[in-house]
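2 protein chains.
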Amino acid sequence: MLKKIIIKGAKILTMTAYNEAGIINGDILIEGQYIKEVGKVSYQVDDVEIINGNNCLALPGLINCHTHAAMTLLRGYADDMELMTWLEEKIWPREAKLGADHVYWGSMLAILEMIKSGTTTFTDMYFFMDNVAKAVEEGGIRAVLARGMIGFNDQDNLTLNESKSFISNWHGEGKGRIKCMLGPHAPYTCPPDYLVKVMDLAQELKVGIHIHLAETKQEFDDIRKQYGKTPVKHVYDLGLLNHPVLAAHCVHLTEEDIAILQECSVGVAHNPTSNMKLASGMAPIPQLLEAGIKVGIGTDGTASNNNLNMFEELHLASLLHKVSWGDPTVLPAYQVLQMGTIFGAQTVGLIDEIGTIEVGKKADIILIDLNKPHLYPSHDIVANLVYSAQGSDVKTSIIDGQIVMKDREVLTIDEEKVIYEAQRYAQKIME
Amino acid sequence: MLKKIIIKGAKILTMTAYNEAGIINGDILIEGQYIKEVGKVSYQVDDVEIINGNNCLALPGLINCHTHAAMTLLRGYADDMELMTWLEEKIWPREAKLGADHVYWGSMLAILEMIKSGTTTFTDMYFFMDNVAKAVEEGGIRAVLARGMIGFNDQDNLTLNESKSFISNWHGEGKGRIKCMLGPHAPYTCPPDYLVKVMDLAQELKVGIHIHLAETKQEFDDIRKQYGKTPVKHVYDLGLLNHPVLAAHCVHLTEEDIAILQECSVGVAHNPTSNMKLASGMAPIPQLLEAGIKVGIGTDGTASNNNLNMFEELHLASLLHKVSWGDPTVLPAYQVLQMGTIFGAQTVGLIDEIGTIEVGKKADIILIDLNKPHLYPSHDIVANLVYSAQGSDVKTSIIDGQIVMKDREVLTIDEEKVIYEAQRYAQKIME
Numbered sequence: 001m002l003k004k005i006i007i008k009g010a011k012i013l014t015m016t017a018y019n020e021a022g023i024i025n026g027d028i029l030i031e032g033q034y035i036k037e038v039g040k041v042s043y044q045v046d047d048v049e050i051i052n053g054n055n056c057l058a059l060p061g062l063i064n065c066h067t068h069a070a071m072t073l074l075r076g077y078a079d080d081m082e083l084m085t086w087l088e089e090k091i092w093p094r095e096a097k098l099g100a101d102h103v104y105w106g107s108m109l110a111i112l113e114m115i116k117s118g119t120t121t122f123t124d125m126y127f128f129m130d131n132v133a134k135a136v137e138e139g140g141i142r143a144v145l146a147r148g149m150i151g152f153n154d155q156d157n158l159t160l161n162e163s164k165s166f167i168s169n170w171h172g173e174g175k176g177r178i179k180c181m182l183g184p185h186a187p188y189t190c191p192p193d194y195l196v197k198v199m200d201l202a203q204e205l206k207v208g209i210h211i212h213l214a215e216t217k218q219e220f221d222d223i224r225k226q227y228g229k230t231p232v233k234h235v236y237d238l239g240l241l242n243h244p245v246l247a248a249h250c251v252h253l254t255e256e257d258i259a260i261l262q263e264c265s266v267g268v269a270h271n272p273t274s275n276m277k278l279a280s281g282m283a284p285i286p287q288l289l290e291a292g293i294k295v296g297i298g299t300d301g302t303a304s305n306n307n308l309n310m311f312e313e314l315h316l317a318s319l320l321h322k323v324s325w326g327d328p329t330v331l332p333a334y335q336v337l338q339m340g341t342i343f344g345a346q347t348v349g350l351i352d353e354i355g356t357i358e359v360g361k362k363a364d365i366i367l368i369d370l371n372k373p374h375l376y377p378s379h380d381i382v383a384n385l386v387y388s389a390q391g392s393d394v395k396t397s398i399i400d401g402q403i404v405m406k407d408r409e410v411l412t413i414d415e416e417k418v419i420y421e422a423q424r425y426a427q428k429i430m431e
Numbered sequence: 001m002l003k004k005i006i007i008k009g010a011k012i013l014t015m016t017a018y019n020e021a022g023i024i025n026g027d028i029l030i031e032g033q034y035i036k037e038v039g040k041v042s043y044q045v046d047d048v049e050i051i052n053g054n055n056c057l058a059l060p061g062l063i064n065c066h067t068h069a070a071m072t073l074l075r076g077y078a079d080d081m082e083l084m085t086w087l088e089e090k091i092w093p094r095e096a097k098l099g100a101d102h103v104y105w106g107s108m109l110a111i112l113e114m115i116k117s118g119t120t121t122f123t124d125m126y127f128f129m130d131n132v133a134k135a136v137e138e139g140g141i142r143a144v145l146a147r148g149m150i151g152f153n154d155q156d157n158l159t160l161n162e163s164k165s166f167i168s169n170w171h172g173e174g175k176g177r178i179k180c181m182l183g184p185h186a187p188y189t190c191p192p193d194y195l196v197k198v199m200d201l202a203q204e205l206k207v208g209i210h211i212h213l214a215e216t217k218q219e220f221d222d223i224r225k226q227y228g229k230t231p232v233k234h235v236y237d238l239g240l241l242n243h244p245v246l247a248a249h250c251v252h253l254t255e256e257d258i259a260i261l262q263e264c265s266v267g268v269a270h271n272p273t274s275n276m277k278l279a280s281g282m283a284p285i286p287q288l289l290e291a292g293i294k295v296g297i298g299t300d301g302t303a304s305n306n307n308l309n310m311f312e313e314l315h316l317a318s319l320l321h322k323v324s325w326g327d328p329t330v331l332p333a334y335q336v337l338q339m340g341t342i343f344g345a346q347t348v349g350l351i352d353e354i355g356t357i358e359v360g361k362k363a364d365i366i367l368i369d370l371n372k373p374h375l376y377p378s379h380d381i382v383a384n385l386v387y388s389a390q391g392s393d394v395k396t397s398i399i400d401g402q403i404v405m406k407d408r409e410v411l412t413i414d415e416e417k418v419i420y421e422a423q424r425y426a427q428k429i430m431e
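Here the protein sequences come in this chain order: A and B.
Here this note's numbering is used: the first residue of the first sequence is 1, the next is one more, and so on.
Here this note's numbering is used: the first residue of the second sequence is 1, the next is one more, and so on.
Among these hints, one or two may not hold up.
List time: in silico DSS-like cross-link candidates among lysine-lysine, alpha-carbon distance up to 30 Å [as the list claims (entries may be wrong)]:
(1) A/197 x A/217
(2) B/90 x B/225
(3) B/3 x B/40
(4) B/197 x A/11
(5) A/11 x A/406
(6) B/134 x B/97
(7) B/11 x A/90
(8) A/90 x A/217
(9) A/406 x B/417
(10) B/11 x A/428
(11) B/197 x B/225
(12) A/229 x A/175
(13) A/417 x B/11
(14) A/11 x B/217
(15) A/8 x A/175
(16) B/4 x A/417
(17) B/428 x A/11
(18) A/206 x A/175
(19) B/428 x B/90
(20) A/406 x B/406
(21) B/217 x A/217
(22) A/40 x A/197
(23) B/40 x B/8
(24) A/428 x A/8
(25) A/428 x A/417
(26) B/417 x B/90
(27) A/233 x A/164
(28) B/90 x B/217
(29) A/225 x A/175
(30) A/417 x A/406
(31) B/164 x B/97
(32) A/233 x A/217
(33) A/8 x B/417
(34) A/417 x B/428
(35) B/175 x B/4
(36) A/428 x A/36
Partial pick of chain A residues on the chain B-facing surface, computed with a CB cut under 8 Å [unchecked claim]:
(37) 81
(38) 192
(39) 193
(40) 273
Keep in mind the hints are simulated off the structure, nothing from the lab.
Think of the CB as a built atom: it goes at the ideal place given N, C-alpha and C, for glycine as much as any other residue.
Given the sequences, and given the hints that come with them, work out the whole structure.
See the structure below:
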């Protein structure tokens with residue numbers, strides 16, 4: 001028999017309405033992996049687990065559209081540096097020392113942190129992906145995973161073959177919580193002939209493509225110099241955007257690029273903290289949204305953030321574009337929350353399964369403890385959530401119908417052990 | 001006999017060194033209001049209260065250099081609006097309904113939130129200031145208070161007289177925790193002849209002046225049109241900057257303005273969230289710091305933030321200027337932390353009392369619980385603090401030698417009652 005859970009007497013922000021009128025007072029019935037009822041639920045006490053939703057806000061779990069989870073091991077290792085110095089002298093030499101076990105423990109630390117700050121799905125691009133998938137399976141989180149692929153010197157198609165076997169092993173695993181994509185790193189690390197091979201493989205495996213695109217001015221200038229066109233136009237002309245594509249960053253875009261992204265229904269992962277911290281620039285997000293492009297939000301890796309706290313990203317997405325556009329009305333609270341939930345689900349291709357609280361969707365739900373000084377008074381619960389809440393206000397988290405955190409205690413992960421091992425493996429790469 | 005407290009076995013970030021070499025492992029002895037020893041402390045168990053500092057970071061309490069505490073009652077009431085519409089249609093009509101009790105409960109809610117997120121001193125400008133001072137006295141926090149003064153139609157010098165009596169009643173009260181300033185609101189709300197009266201009173205009472213200055217482009221343009229000079233030059237020519245001045249915002253400045261601020265040792269309160277949320281602009285903070293100007297950090301009121309969480313402000317100060325200057329090396333983590341502590345103390349005129357952990361200073365110390373997933377690994381404790389910590393990571397807070405929060409429980413305030421009353425008074429002004 002399927003396990004039943006009822007969240008009883010919560011405020012429910014379904015994210016299905018076009019505005020915050022979508023808040024209802026009521027219950028949510030979960031059966032197995034799915035949401036079965038929303039509103040007034042009748043139930044028998046003996047066959048369900050009851051979660052008290054009193055003074056809590058239930059909303060869809062947050063979707064982190066772009067990260068490199070295992071980079072938690074490099075959190076705080078190198079900050080406040082020029083991008084290329086940072087990569088070449090700090091990040092890459094240490095990443096070269098990472099083994100499969102490092103990636104497992106780094107990913108576990110990331111998953112622990114994400115669950116504790118309200119993320120229920122993350123989208124990852126890294127390596128030793130079998131171990132990332134293993135961590136996802138054990139941690140109980142949902143994930144869209146891609147092996148990061150660099151096209152230079154890919155002798156014997158090593159990364160292509162590795163991606164292929166990763167996808168055949170893991171796509172749909174974890175009771176469907178794990179989805180896979182191909183992850184060609186970026187136009188400047190994947191030459192055209194390699195990208196063609198990636199497209200062929202995407203076609204064969206019927207999976208989407210996750211790529212960094214137009215992140216820095218340097219990339220924009222280099223690609224233009226090398227190919228005579230912008231990064232977006234370059235991959236468009238290669239046919240890459242005929243596939244379902246998740247494009248991370250999209251900071252440096254022309255009007256034509258925006259039209260292309262719209263025409264090809266490209267999903268964009270906006271990473272406000274990373275773009276600010278690395279001084280990559282300010283992505284034209286209000287323009288992308290205006291054009292009807294699907295925009296989700298990501299944290300990027302912790303080496304350039306330095307956390308995986310989606311509440312900070314929601315907050316920053318709104319603030320950054322208000323000041324950069326000189327207009328306090330852009331990216332209002334509810335729209336930013338859509339980017340963190342329903343738009344994120346569209347962006348990563350999971351809108352049929354998650355992103356809203358609706359009957360028939362998978363039960364990915366977080367409960368916010370509203371009993372905090374900074375969440376009073378309650379004039380506007382959505383504004384309070386986006387502009388004042390902290391990741392630590394998440395009290396309980398349900399993913400795929402499983403309670404993964406209850407009253408701040410993560411039930412799927414041995415917190416003490418993960419912290420201990422992650423610290424140990426982080427020290428190893430510094431030796 | 002004076003009460004003794006020992007913080008035992010903590011990591012201590014004294015903020016006295018020019019870099020993070022200032023972290024030592026050891027104990028802190030507090031006697032009465034003062035720090036007596038830092039390092040290895042010998043003690044007898046029976047006459048001291050011991051605080052276990054294991055896996056904690058002790059640092060000077062954060063200093064919020066500019067806020068309007070009682071505006072918590074308006075948190076989330078009106079967001080994502082044009083500045084003047086927001087003020088004229090939303091904020092001012094509701095503020096007109098505030099009475100002394102509203103201000104008391106709004107300030108109590110603010111103080112509760114500030115203590116729970118690591119602030120030990122705040123700098124306030126509002127009205128019904130007797131009730132703000134009363135809340136400060138009861139809540140156990142440290143504050144620099146000013147009655148906000150508008151110079152139009154100030155018949156019979158009402159606000160000047162009120163300020164004078166407020167200062168004579170409260171300056172130095174709360175065992176010295178309360179300091180007062182004069183608070184002329186801004187150059188565009190205080191005509192020159194009124195500012196002259198303010199200066200005379202400041203001279204007479206020997207107090208500093210807290211003023212909003214060069215916050216918006218509109219103010220910059222209006223003042224230039226009216227007086228033929230920039231806001232900074234305007235108040236400089238009036239002689240205002242010959243007094244100790246705390247200038248909030250300073251977003252719109254010329255090179256000459258920066259030279260004036262430097263020449264007059266003006267303290268600047270930078271409010272990154274407020275400047276972003278209201279789209280006021282990006283203050284030239286790296287340039288001000290380069291010129292040797294004292295810059296602290298503030299939250300501004302919750303109506304334009306929407307919280308009083310200084311950890312978010314530290315974080316944002318660094319990120320905002322990295323992206324606005326296109327340079328990831330500006331405002332590195334340690335410098336931002338200086339702005340939140342030692343520079344803040346200089347800015348508000350309290351550097352002889354607070355801002356560092358040093359023998360002879362008042363004991364304003366917070367303990368960060370490092371046992372959090374997002375604070376591992378421990379490559380760089382300062383980077384973790386500025387780029388990854390949340391307000392809720394503050395475990396214990398000591399202000400003026402008194403433990404005001406222990407293990408997240410605020411000891412000086414009845415949390416439940418304050419939330420209840422603040423909610424009730426917030427609803428009243430909506431009627």
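How the hints compare with the structure:
{"no.": "1", "hint": "A/197 x A/217", "result": "holds (27 Å)"}
{"no.": "2", "hint": "B/90 x B/225", "result": "holds (28 Å)"}
{"no.": "3", "hint": "B/3 x B/40", "result": "holds (19 Å)"}
{"no.": "4", "hint": "B/197 x A/11", "result": "violated (53 Å)"}
{"no.": "5", "hint": "A/11 x A/406", "result": "holds (18 Å)"}
{"no.": "6", "hint": "B/134 x B/97", "result": "holds (20 Å)"}
{"no.": "7", "hint": "B/11 x A/90", "result": "holds (26 Å)"}
{"no.": "8", "hint": "A/90 x A/217", "result": "holds (21 Å)"}
{"no.": "9", "hint": "A/406 x B/417", "result": "holds (26 Å)"}
{"no.": "10", "hint": "B/11 x A/428", "result": "holds (23 Å)"}
{"no.": "11", "hint": "B/197 x B/225", "result": "holds (23 Å)"}
{"no.": "12", "hint": "A/229 x A/175", "result": "violated (43 Å)"}
{"no.": "13", "hint": "A/417 x B/11", "result": "holds (22 Å)"}
{"no.": "14", "hint": "A/11 x B/217", "result": "violated (41 Å)"}
{"no.": "15", "hint": "A/8 x A/175", "result": "holds (26 Å)"}
{"no.": "16", "hint": "B/4 x A/417", "result": "violated (37 Å)"}
{"no.": "17", "hint": "B/428 x A/11", "result": "holds (23 Å)"}
{"no.": "18", "hint": "A/206 x A/175", "result": "holds (19 Å)"}
{"no.": "19", "hint": "B/428 x B/90", "result": "holds (15 Å)"}
{"no.": "20", "hint": "A/406 x B/406", "result": "holds (24 Å)"}
{"no.": "21", "hint": "B/217 x A/217", "result": "holds (29 Å)"}
{"no.": "22", "hint": "A/40 x A/197", "result": "violated (52 Å)"}
{"no.": "23", "hint": "B/40 x B/8", "result": "holds (9 Å)"}
{"no.": "24", "hint": "A/428 x A/8", "result": "violated (47 Å)"}
{"no.": "25", "hint": "A/428 x A/417", "result": "holds (17 Å)"}
{"no.": "26", "hint": "B/417 x B/90", "result": "holds (27 Å)"}
{"no.": "27", "hint": "A/233 x A/164", "result": "holds (27 Å)"}
{"no.": "28", "hint": "B/90 x B/217", "result": "holds (21 Å)"}
{"no.": "29", "hint": "A/225 x A/175", "result": "violated (46 Å)"}
{"no.": "30", "hint": "A/417 x A/406", "result": "holds (19 Å)"}
{"no.": "31", "hint": "B/164 x B/97", "result": "holds (24 Å)"}
{"no.": "32", "hint": "A/233 x A/217", "result": "holds (15 Å)"}
{"no.": "33", "hint": "A/8 x B/417", "result": "holds (25 Å)"}
{"no.": "34", "hint": "A/417 x B/428", "result": "violated (50 Å)"}
{"no.": "35", "hint": "B/175 x B/4", "result": "holds (17 Å)"}
{"no.": "36", "hint": "A/428 x A/36", "result": "violated (47 Å)"}
{"no.": "37", "hint": "81", "result": "holds (6 Å)"}
{"no.": "38", "hint": "192", "result": "violated (30 Å)"}
{"no.": "39", "hint": "193", "result": "violated (33 Å)"}
{"no.": "40", "hint": "273", "result": "holds (6 Å)"}
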